[in-house]
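Participant: The primary structure of each chain is shown beneath.
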Amino acid sequence: GESVGLHLPTLSVQEGDNSIINCAYSNSASDYFIWYKQESGKGPQFIIDIRSNMDKRQGQRVTVLLNKTVKHLSLQIAATQPGDSAVYFCAETPYSGGGADGLTFGKGTHLIIQP
Amino acid sequence: GAVVSQHPSWVICKSGTSVKIECRSLDFQATTMFWYRQFPKQSLMLMATSNEGSKATYEQGVEKDKFLINHASLTLSTLTVTSAHPEDSSFYICSAVDRGGPGYTFGSGTRLTVV
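Chains as they are written, first to last, in my numbering: chain V, 62 to 176; chain W, 26 to 140.
Treat each hint with caution, since some may be false.
[Stated by the list, open to error] Cβ-to-Cβ under 10 Å is the rule here; a few derived chain V residues that face chain W: (1) 97; (2) 99; (3) 103; (4) 107; (5) 110; (6) 140; (7) 152; (8) 165; (9) 167.
[Claimed, not checked] In silico DSS-like pairs for lysine-lysine, Cα to Cα no more than 30 Å straight-line: (10) V/168 x V/132; (11) W/39 x W/80; (12) W/45 x W/89; (13) V/129 x V/117; (14) W/45 x W/91; (15) V/117 x W/45; (16) V/103 x W/80; (17) V/132 x W/39; (18) W/45 x V/168; (19) V/129 x W/80; (20) W/80 x W/45; (21) V/117 x V/132; (22) V/103 x W/66; (23) W/39 x V/129; (24) W/66 x W/91; (25) V/103 x W/45; (26) V/168 x V/103; (27) W/39 x W/89; (28) V/117 x V/103; (29) W/39 x V/117; (30) V/132 x V/103; (31) V/168 x V/129; (32) V/103 x W/91; (33) W/66 x W/45; (34) W/39 x W/91; (35) W/66 x W/89; (36) V/103 x W/89; (37) W/91 x W/80; (38) V/117 x V/168; (39) W/91 x V/168; (40) W/66 x W/39.
Just so you know, the hints here were simulated from the structure itself, not pulled from any lab data. Here a beta-carbon is modelled for each residue, glycine too, at the ideal position from N, C-alpha and C.
With the sequences and hints as input, model every part of the structure.
Facilitator: See below:
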């Protein structure tokens with residue numbers, strides 16, 4: 062079936078460096094994409110989202126890039142901090158006017174920040 | 026911002042017994058809530074969509090008679106794992122849609138251990 066997947070399961074970066082987490086999706090009907098951060102034993106925490114009519118969106122220290130041509134999504138975290146260590150998931154859903162569909166999650170990338 | 030409360034945060038039960046998990050939207054009304062299951066070191070998998078005042082919609086492969094969902098009000102959905110077995114041990118997470126906010130807000134999850 063169609064799914065959302067990730068290229069790298071684990072990413073280790075030095076504190077202060079920038080990190081890029083990638084995600085590939087296969088559902089051409091995907092219209093809304095979200096990045097979540099999940100710490101051990103906790104629920105996912107919203108980071109940033111983007112709709113398919115955009116190719117870039119910026120937040121505080123984070124940027125999401127969307128390439129619909131190759132069905133690729135990335136999350137860039139600038140100046141990583143120890144608190145950024147967590148598992149990051151991309152998720153997607155077809156837009157249906159406000160959240161009537163559940164999310165399909167990618168496999169997750171464990172981001173490790175080295176001191 | 027939107028807050029979703031999930032209770033209990035962890036539960037241990039004996040094989041064959043039933044366990045109820047509650048999901049509440051604290052400061053908004055949610056006509057739709059979602060239930061996910063997450064096994065260790067894996068991604069979140071959508072189990073079912075909980076609709077206020079109507080029957081839940083289950084994903085393929087999820088037994089509706091085993092995972093009973095009730096969404097009796099606009100702020101509360103419950104998931105009951107009936108006749109639990111050790112293979113049902115997992116992290117169960119709910120999500121509610123806040124149409125006035127970022128969309129999908131997640132609870133903190135419930136760690137179920139069946140012994």
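Participant: A separate judgement is required for each hint: does it hold in the structure or not?
Facilitator: Evaluation of the provided hints:
1. Interface restraint check for residue 97 of chain V: the shortest CB-CB distance to chain W comes to about 8 Å, inside 10 Å, so the restraint holds.
2. The beta carbon of residue 99 of chain V comes within 8 Å of a beta carbon in chain W, closer than 10 Å, and the hint placing it at the interface holds.
3. Interface restraint check: residue 103 of chain V against chain W, minimum CB-CB distance 6 Å, threshold 10 Å, status holds.
4. Taking 10 Å as the C-beta cut-off, the interface hint given for residue 107 of chain V holds, the closest approach to chain W being about 5 Å.
5. A distance limit of 10 Å between C-beta atoms decides the matter here; for residue 110 of chain V the minimum to chain W is near 7 Å, and the interface restraint holds.
6. With a least beta-carbon distance of about 23 Å to chain W, the hint placing residue 140 of chain V at the interface is violated under the 10 Å criterion.
7. Restraint check, residue 152 of chain V versus chain W: the minimum CB separation of about 8 Å is within 10 Å; hint holds.
8. Hint status for residue 165 of chain V relative to chain W: holds, with the closest Cβ pair at about 7 Å, below 10 Å.
9. About 6 Å separates the beta-carbon of residue 167 of chain V from the nearest beta-carbon of chain W, less than 10 Å, and the hint is met.
10. For a cut-off of 30 Å, the pair hint linking residue 168 of chain V to residue 132 of chain V stands: about 16 Å separates their Cα positions.
11. Distance check on the hinted pair: residue 39 of chain W and residue 80 of chain W sit about 28 Å apart at the alpha-carbon level, within 30 Å; holds.
12. Annotation: proposed proximity of residue 45 of chain W to residue 89 of chain W holds, straight-line Cα distance about 14 Å (limit 30 Å).
13. Our distance criterion of 30 Å between C-alpha atoms is met by residue 129 of chain V and residue 117 of chain V, whose separation comes to about 11 Å.
14. Among the hinted pairs, residue 45 of chain W with residue 91 of chain W is consistent with the structure: their alpha-carbon atoms are about 12 Å apart, no more than 30 Å.
15. For the proposed pair residue 117 of chain V and residue 45 of chain W, the alpha carbon gap of about 41 Å is over 30 Å, so the pair is violated.
16. Restraint check for residue 103 of chain V and residue 80 of chain W: satisfied, since their Cα atoms lie roughly 28 Å apart, inside the 30 Å limit.
17. Taken as a hint, the residue 132 of chain V and residue 39 of chain W pair is broken in the structure, with Cα atoms around 45 Å apart against an allowance of 30 Å.
18. Pair hint residue 45 of chain W plus residue 168 of chain V holds up; C-alpha atoms about 28 Å apart against a cutoff of 30 Å.
19. Under the criterion of a C-alpha separation no larger than 30 Å, the hint pairing residue 129 of chain V with residue 80 of chain W is inconsistent with the structure, at around 35 Å.
20. At most 30 Å may separate the alpha-carbon atoms for a hinted pair to count; residue 80 of chain W and residue 45 of chain W meet this at roughly 17 Å.
21. Proximity of residue 117 of chain V to residue 132 of chain V is assessed by CA-CA distance (about 14 Å); at most 30 Å being required, the pair is judged to hold.
22. Restraint check: the Cα-Cα separation between residue 103 of chain V and residue 66 of chain W comes to about 13 Å, which is no more than 30 Å; the hinted pair holds.
23. For the hint linking residue 39 of chain W to residue 129 of chain V, the alpha-carbon distance of about 48 Å lies beyond 30 Å, and the restraint is violated.
24. The suggested pairing of residue 66 of chain W with residue 91 of chain W holds, with an alpha-carbon distance near 24 Å, which does not exceed 30 Å.
25. As the CA atoms of residue 103 of chain V and residue 45 of chain W are separated by approximately 19 Å, the hinted pair is consistent with the 30 Å bound.
26. For the hint linking residue 168 of chain V to residue 103 of chain V, the alpha-carbon distance of about 17 Å falls within 30 Å, and the restraint holds.
27. For a cut-off of 30 Å, the pair hint linking residue 39 of chain W to residue 89 of chain W stands: about 21 Å separates their Cα positions.
28. At most 30 Å may separate the alpha-carbon atoms for a hinted pair to count; residue 117 of chain V and residue 103 of chain V meet this at roughly 28 Å.
29. Between residue 39 of chain W and residue 117 of chain V, the direct Cα distance comes to roughly 49 Å. Violation of the 30 Å bound is thereby established for this hinted pair.
30. Among the hinted pairs, residue 132 of chain V with residue 103 of chain V is consistent with the structure: their alpha-carbon atoms are about 29 Å apart, no more than 30 Å.
31. Of the pairs offered as hints, the one joining residue 168 of chain V and residue 129 of chain V holds, with about 20 Å between alpha carbons and a cut-off of 30 Å not exceeded.
32. The hinted pair formed by residue 103 of chain V and residue 91 of chain W meets the criterion: a straight-line CA distance of about 24 Å does not exceed 30 Å.
33. Taken as a hint, the residue 66 of chain W and residue 45 of chain W pair is honoured in the structure, with Cα atoms around 24 Å apart against an allowance of 30 Å.
34. Between the alpha carbons of residue 39 of chain W and residue 91 of chain W the distance comes to roughly 16 Å, so the proposed pair stays at or under 30 Å and holds.
35. For the given pair, residue 66 of chain W sits about 25 Å from residue 89 of chain W by alpha-carbon distance, which is consistent with the 30 Å threshold.
36. A distance of roughly 26 Å separates the Cα atoms of residue 103 of chain V and residue 89 of chain W; the hinted pair therefore holds under the 30 Å criterion.
37. Using a Cα cut-off of 30 Å, the hinted pair residue 91 of chain W and residue 80 of chain W holds, with the two alpha carbons roughly 14 Å apart.
38. Of the supplied pair hints, the one linking residue 117 of chain V and residue 168 of chain V holds, its CA atoms being roughly 22 Å apart against a limit of 30 Å.
39. Simply put, residue 91 of chain W and residue 168 of chain V have alpha-carbon atoms about 26 Å apart, close enough for the 30 Å limit, and the pair holds.
40. Taken as a hint, the residue 66 of chain W and residue 39 of chain W pair is honoured in the structure, with Cα atoms around 24 Å apart against an allowance of 30 Å.
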